[in-house]
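The numbers in my numbering rise by one with no breaks, and the one at position 108 of the sequence shown is 113.
One or more of the hints may lead you astray.
Said to hold, decoys possible - Simulated crosslink set (BS3-like; lysine-lysine; CA at most 25 Å straight-line):
1) Lys72 - Lys55
2) Lys92 - Lys136
3) Lys38 - Lys72
4) Lys38 - Lys69
5) Lys139 - Lys157
Please keep in mind that the hints were generated in silico from the structure rather than gathered at the bench.
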Amino acid sequence: MCLILDANCLAATFNPEDSRHADFLPVCNWIVKGKGKIVYGGSQIQKEYKACQKYLHMLMNLEKRNKIVLLCDAAVDREQKVLKDKKSHRDFDDSHLLAMVIVSGVRIVCTAESRAIPFLKDRNLYPAHIKKPKIYSKAKNVTLLIDSNIAKICRSCVEKK
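Please work from the sequences and hints to get the whole structure.
The structure is reproduced here in C-alpha cells:
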C-alpha cells in the first residue's frame with residue numbers, strides 16, 4: 006500500500022510525543038514495519054517537507070529502505086497548475102495533493118487538513134480514469150491500510166518480496 010502523506014501529518018506519524026500520534030501510529034507502522042510506502046513529488050510538497058526539518062532524516066532513511074516512491078516534480082507541478090486554473094477557491098490551497106493523486110494513481114491521502122478534504126473528494130477535479138482517493142485522517146481509518154489499496158506505481162516493488 007502506498008499513500009500520499011501530507012506534510013501536516015509528518016509529526017503525527019513519526020513523533021510519539023505528538024498529541025495526534027495515536028491516530029497516525031497505524032500509518033507509521035505500515036510504512037516502517039509493513040508494506041507501506043510514501044509517494045510524493047512536486048515543488049509544493051518538497052517545500053513543505055523541507056520546512057519540517059526534524060523529519061528530513063527520517064524521510065531519507067525511508068528512501069534508503071525503498072519506502073519512498075518519488076514522482077516527477079515537473080509532472081506534478083503541471084497537474085497542479087491545471088487544477089488551480091480549473092478551480093478557484095480561497096480554501097483550495099492543497100492542489101498539490103490532488104496533483105500527486107492524478108500523476109500517481111495513489112488511492113490514499115493521509116492528511117489532517119480538513120479544508121482539503123472536500124476538494125480531495127470532488128470527483129469533478131479528477132480525470133475520468135483516476136479514482137478519487139480515500140482519506141486517512143484518524144485511527145478509525147486503519148481499514149484503508151490494506152493490499153487492495155496498493156496503486157500500480159507501488160505494486161512492482163511489493164510483488165518482488
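Checklist entry - Which of the numbered hints are not met once you compare them with the structure shown? => result none
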